[in-house]
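Position chains B, C and D relative to chain A; hints supplied.
Chains as they are written, first to last, in this note's numbering: chain A, 77 to 372; chain B, 77 to 372; chain C, 77 to 372; chain D, 77 to 372.
Treat the hints as calculated values from the structure; they're not laboratory data.
What you are looking at is a predicted structure, and each value in this text was computed from that prediction instead of being measured.
Take the hints with a grain of salt, since some may be wrong.
You can't tell identical chains apart in this list, so a pair holds if it fits in one copy or across any two.
Claimed, not checked - Each computed EDC-like pair below joins lysine to aspartate or glutamate, with the alpha-carbon atoms no more than 16 Å apart:
1) Lys187 / Glu222
2) Lys258 / Glu309
3) Lys258 / Glu308
4) Lys233 / Asp204
5) Lys327 / Asp226
6) Lys327 / Glu358
7) Lys130 / Asp108
8) Lys327 / Asp191
One letter stands for each residue in the lines below.
There are 4 protein chains.
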Amino acid sequence: MQCVRVWSSLRRAAHRAAWTRTQSHAAAARLDLSGIYPPIATPFTAKEDVDYQKLEENLHSKCTMKTFRALFVSEAVSCFCSATGATVRLTEKMAAAGANAVLVVTPCFYKGKMDSRALIHHFTKVADSSPVPVVLYSVPANTGLELPLDAVLQLSKHPNILGIKDSGGDITRIGLIVHKTKTQDFQVLAGSAGFLMAAYCVGAVGGVCALANVLGPELCELERLCVSGRWEEARVLQQRFIEPNAAVTRKLGVPALKQAMEWFGFHGGACRSPLQPLTEAETQQLRQDFSSNGWL
Amino acid sequence: MQCVRVWSSLRRAAHRAAWTRTQSHAAAARLDLSGIYPPIATPFTAKEDVDYQKLEENLHSKCTMKTFRALFVSEAVSCFCSATGATVRLTEKMAAAGANAVLVVTPCFYKGKMDSRALIHHFTKVADSSPVPVVLYSVPANTGLELPLDAVLQLSKHPNILGIKDSGGDITRIGLIVHKTKTQDFQVLAGSAGFLMAAYCVGAVGGVCALANVLGPELCELERLCVSGRWEEARVLQQRFIEPNAAVTRKLGVPALKQAMEWFGFHGGACRSPLQPLTEAETQQLRQDFSSNGWL
Amino acid sequence: MQCVRVWSSLRRAAHRAAWTRTQSHAAAARLDLSGIYPPIATPFTAKEDVDYQKLEENLHSKCTMKTFRALFVSEAVSCFCSATGATVRLTEKMAAAGANAVLVVTPCFYKGKMDSRALIHHFTKVADSSPVPVVLYSVPANTGLELPLDAVLQLSKHPNILGIKDSGGDITRIGLIVHKTKTQDFQVLAGSAGFLMAAYCVGAVGGVCALANVLGPELCELERLCVSGRWEEARVLQQRFIEPNAAVTRKLGVPALKQAMEWFGFHGGACRSPLQPLTEAETQQLRQDFSSNGWL
Amino acid sequence: MQCVRVWSSLRRAAHRAAWTRTQSHAAAARLDLSGIYPPIATPFTAKEDVDYQKLEENLHSKCTMKTFRALFVSEAVSCFCSATGATVRLTEKMAAAGANAVLVVTPCFYKGKMDSRALIHHFTKVADSSPVPVVLYSVPANTGLELPLDAVLQLSKHPNILGIKDSGGDITRIGLIVHKTKTQDFQVLAGSAGFLMAAYCVGAVGGVCALANVLGPELCELERLCVSGRWEEARVLQQRFIEPNAAVTRKLGVPALKQAMEWFGFHGGACRSPLQPLTEAETQQLRQDFSSNGWL
Chain A
77 MQCVRVWSSL
87 RRAAHRAAWT
97 RTQSHAAAAR
107 LDLSGIYPPI
117 ATPFTAKEDV
127 DYQKLEENLH
137 SKCTMKTFRA
147 LFVSEAVSCF
157 CSATGATVRL
167 TEKMAAAGAN
177 AVLVVTPCFY
187 KGKMDSRALI
197 HHFTKVADSS
207 PVPVVLYSVP
217 ANTGLELPLD
227 AVLQLSKHPN
237 ILGIKDSGGD
247 ITRIGLIVHK
257 TKTQDFQVLA
267 GSAGFLMAAY
277 CVGAVGGVCA
287 LANVLGPELC
297 ELERLCVSGR
307 WEEARVLQQR
317 FIEPNAAVTR
327 KLGVPALKQA
337 MEWFGFHGGA
347 CRSPLQPLTE
357 AETQQLRQDF
367 SSNGWL
Chain B
77 MQCVRVWSSL
87 RRAAHRAAWT
97 RTQSHAAAAR
107 LDLSGIYPPI
117 ATPFTAKEDV
127 DYQKLEENLH
137 SKCTMKTFRA
147 LFVSEAVSCF
157 CSATGATVRL
167 TEKMAAAGAN
177 AVLVVTPCFY
187 KGKMDSRALI
197 HHFTKVADSS
207 PVPVVLYSVP
217 ANTGLELPLD
227 AVLQLSKHPN
237 ILGIKDSGGD
247 ITRIGLIVHK
257 TKTQDFQVLA
267 GSAGFLMAAY
277 CVGAVGGVCA
287 LANVLGPELC
297 ELERLCVSGR
307 WEEARVLQQR
317 FIEPNAAVTR
327 KLGVPALKQA
337 MEWFGFHGGA
347 CRSPLQPLTE
357 AETQQLRQDF
367 SSNGWL
Chain C
77 MQCVRVWSSL
87 RRAAHRAAWT
97 RTQSHAAAAR
107 LDLSGIYPPI
117 ATPFTAKEDV
127 DYQKLEENLH
137 SKCTMKTFRA
147 LFVSEAVSCF
157 CSATGATVRL
167 TEKMAAAGAN
177 AVLVVTPCFY
187 KGKMDSRALI
197 HHFTKVADSS
207 PVPVVLYSVP
217 ANTGLELPLD
227 AVLQLSKHPN
237 ILGIKDSGGD
247 ITRIGLIVHK
257 TKTQDFQVLA
267 GSAGFLMAAY
277 CVGAVGGVCA
287 LANVLGPELC
297 ELERLCVSGR
307 WEEARVLQQR
317 FIEPNAAVTR
327 KLGVPALKQA
337 MEWFGFHGGA
347 CRSPLQPLTE
357 AETQQLRQDF
367 SSNGWL
Chain D
77 MQCVRVWSSL
87 RRAAHRAAWT
97 RTQSHAAAAR
107 LDLSGIYPPI
117 ATPFTAKEDV
127 DYQKLEENLH
137 SKCTMKTFRA
147 LFVSEAVSCF
157 CSATGATVRL
167 TEKMAAAGAN
177 AVLVVTPCFY
187 KGKMDSRALI
197 HHFTKVADSS
207 PVPVVLYSVP
217 ANTGLELPLD
227 AVLQLSKHPN
237 ILGIKDSGGD
247 ITRIGLIVHK
257 TKTQDFQVLA
267 GSAGFLMAAY
277 CVGAVGGVCA
287 LANVLGPELC
297 ELERLCVSGR
307 WEEARVLQQR
317 FIEPNAAVTR
327 KLGVPALKQA
337 MEWFGFHGGA
347 CRSPLQPLTE
357 AETQQLRQDF
367 SSNGWL
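Chain A extracted, bound-state conformation:
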């Protein structure tokens, strides 16, 4: 299975002048991934099609926030089984649609066979062919598979691989990736707001955080505290994110994320089957996780 998500060109020009799209691998390594990225939740119509108008309204709403430093757009997640070739073709489509970079998840259907050898081969072939730079994506909670450290280190040397989004939350591993790639300009993004400050502390340059769909400016404030070394203030803020973040990810998932978006003035909308709407008890728990931390 491969997920390819698209970095959009909707980023603030002032901040991202360097992000000119390029097919040059040498230049690719220069793309600066630092910042906070929301993996954009996709609003659907009643017929379960993508609701492009609401999506655009969400994006404009976010772009107008002055403190929001970065933006990330995913298409509705696209996953295929097993085939490197299909992933290559998808990166081409994404680049043609204007993506600056692609986020490529570990293939995982034949988990038992997805050892370092197979994964290095896969990502190398994708990165060799992709017209835009590649960011590795390791998300064991969804795929049941962690991109092994030795594969990350080997792939970090590829000129068209920019970095990794690591959603596993193993801070020791994140620190070690930073340490072992320190001569390679390999950029590490935390895959969740739950360990964002700790990731900054050990050397990450940003985060791709579902919670940024809801509390975007607040997460950008945490980023600002971390990069300016104001760790005491950062800690207080970070801790208030842990429960709401768990609620919209691990505990209650996408339906909770979309519900919370509604509370904060965005279009969340319904989930597509097989994801189920929240129960009444879950909605109350969600509200509690935001309100007890001072967000509602």
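Same frame as chain A, now just chains B, C and D:
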């Protein structure tokens, strides 16, 4: 993620007269799934496209085997992420292409949210819409998710759900599924040759076995021994399958299956990336697993 | 951690004449383990000491059952951390107390280091020194560790190792152990009533079943059906054990086992902390698991 | 299973004046756990008995290090199965032997039954009875069980429970424990040097680190950098600990720890069976993990 595989119409007419394709749910429950099914390995061309000619030759080769009682054809595995709607549309395509039934795997990308409620909803909607009967498919080694027992029992009552292919290998669970559905004509298929006899012993009616691509007639002989109550002979034969079966599934996977097919006169061919070819040591281990059990 | 349990001398003399206690390794291999063994639940006094009188009454009660073919007595489970030496000393104490054989669980505190090399070394040293024969014990649900197959096969050759109690429930593995040790008179015991018939079917010689504390004669009836090849009747009986067995083991554990013993006329009594008494809802679920299968 | 380890009185008097032993629960909460603690490796004689003379030499050697701020002595790990009562009795012995506090691991043999209810009951009873304060110990890699967050929060209110040693490495959880107990003076210790800086960053007060047996002063230097807010320097130092720490814990375990101690001038000595000595290749890997990070 949903996998939909197709039961072909290439089955021996004498044995499968009852398998007339029908959209009537009432009739659906009458389809007899008993027997041994190979999940057909897909030969690829050098360009990684499906090689239909070689596929057909494999099928004819198998159909001429006098002892082979059943046949199963999968298209190259098709997996999507998360969407019930897409699965419904795929069942329609498969039915239009002549499938007698479809095998539908558990969706799994948002594993944490795939509880019984979501899974019952998903399979119910698919079965409500599918023009041909549905067989549930639980394969935790690949999906990281086991279809929970309570969901299986609930779904077993659906008139368009025929049974389950259970690849988890938990024989206690398989026995309990048989026991709790005994009034419902719900058919259980073992998902692997490793526990085929034990599954028959506790009440399964057949198996979908990768190893049947290689040792088809021999597995049909095991079926014959089990259904005729010759358990002592069955045990001796069963035990000789365990190591070759593990080799072509859990241990070495599809590349090993395709290599073994070549040894036994079928077109196996190469795997598509990211699956990697066997190393020399793996090939030797594979040969040993067949030869030490008297198959080579 | 090592658990050492004691096979008692309270077995029916007629059935177990061969079980004369001996320190001769050659003779050890002759001990016949076939049959059903209850791992005896230990009644405690109000002060949480072993209640020897009630224990004896339980044993007498079981011995008078005409259909009960075998008996097994454990002391209150004794587990140490990590040390082979301590295990050796405990086997000596058990032998001095009259044990015919000892059941030795995999050490597990330093799980990460308990590879085949360490485990083969451990069991070999224990078996070299133990005055009575050793039975290996693999129980991953409790220890988080399965005795690896290659270690089992290597250890099966030791003259003072009689067999294995395998509680993992992987019927493919059990079949393979039987297959690969068929020239060694190595005896396999199912570690649970849930897969007892399937284990017999693939070549096990008996079972050590918590449920035998409650439904001893009934499990011996299942044994009789299996060894006499009456598999259709066996299946019907086996299936009625699965839910009550799950209730007194995996689902509700020792507190449920002791509650069920009370219902069936034995002394179960309270559990020691940290095990907690059943809640009202759990007690009802337990009763349901027995009554819906016709046992209450 | 319970492990009880002893905080010795061998701590630097100047730093630990407040650590006067007391049975007063109110006073207990005042004990300051901050600092770096080595879980002292136990040297054995050739006969596998504790070598008290070498142990004392190791301790003196450490005490003379000027930068070493704290000390922790474990007896050879003592684990029992399941019984709260036995744990209580062991805490009494440890207190009588001069311990200032006891570290009590989660019981784990009946893992399936060790839910929050049972664990809260267990630790509450131990803390109620223990003559010295209790520190909770959650180490899922060894026990297969994580002390659930809700149990930690409930237990944090007990007047005789000081804090927790958390070896799981989940930095989100550690941050949340700090956050949810911020009004309770509940002290969190990182259970490994691999995530020590990140733990300080989110609010931990120290660490119990196997690596401190080898690189004690260097870990105390990391502590100093963290508590004085010199995070850039701390990061550089932290990253050099990750590989050596993994080598002496998760990857190669106690045998590697003892080997590295020898290289650094301490008495490491042999491990007791079933732990095995390092192979030649493992020894080289260990040396590489220290030397490539500038420690050898």
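Here is how each hint holds up against the structure:
no.	hint	in the structure
1	Lys187 / Glu222	both (10 Å within a copy, 15 Å between copies)
2	Lys258 / Glu309	between (27 Å within a copy, 15 Å between copies)
3	Lys258 / Glu308	between (26 Å within a copy, 14 Å between copies)
4	Lys233 / Asp204	within (12 Å within a copy, 50 Å between copies)
5	Lys327 / Asp226	between (31 Å within a copy, 14 Å between copies)
6	Lys327 / Glu358	within (10 Å within a copy, 25 Å between copies)
7	Lys130 / Asp108	neither (29 Å within a copy, 48 Å between copies)
8	Lys327 / Asp191	between (29 Å within a copy, 12 Å between copies)
When each numbered hint is compared with the structure, a violation occurs for hint 7 only.
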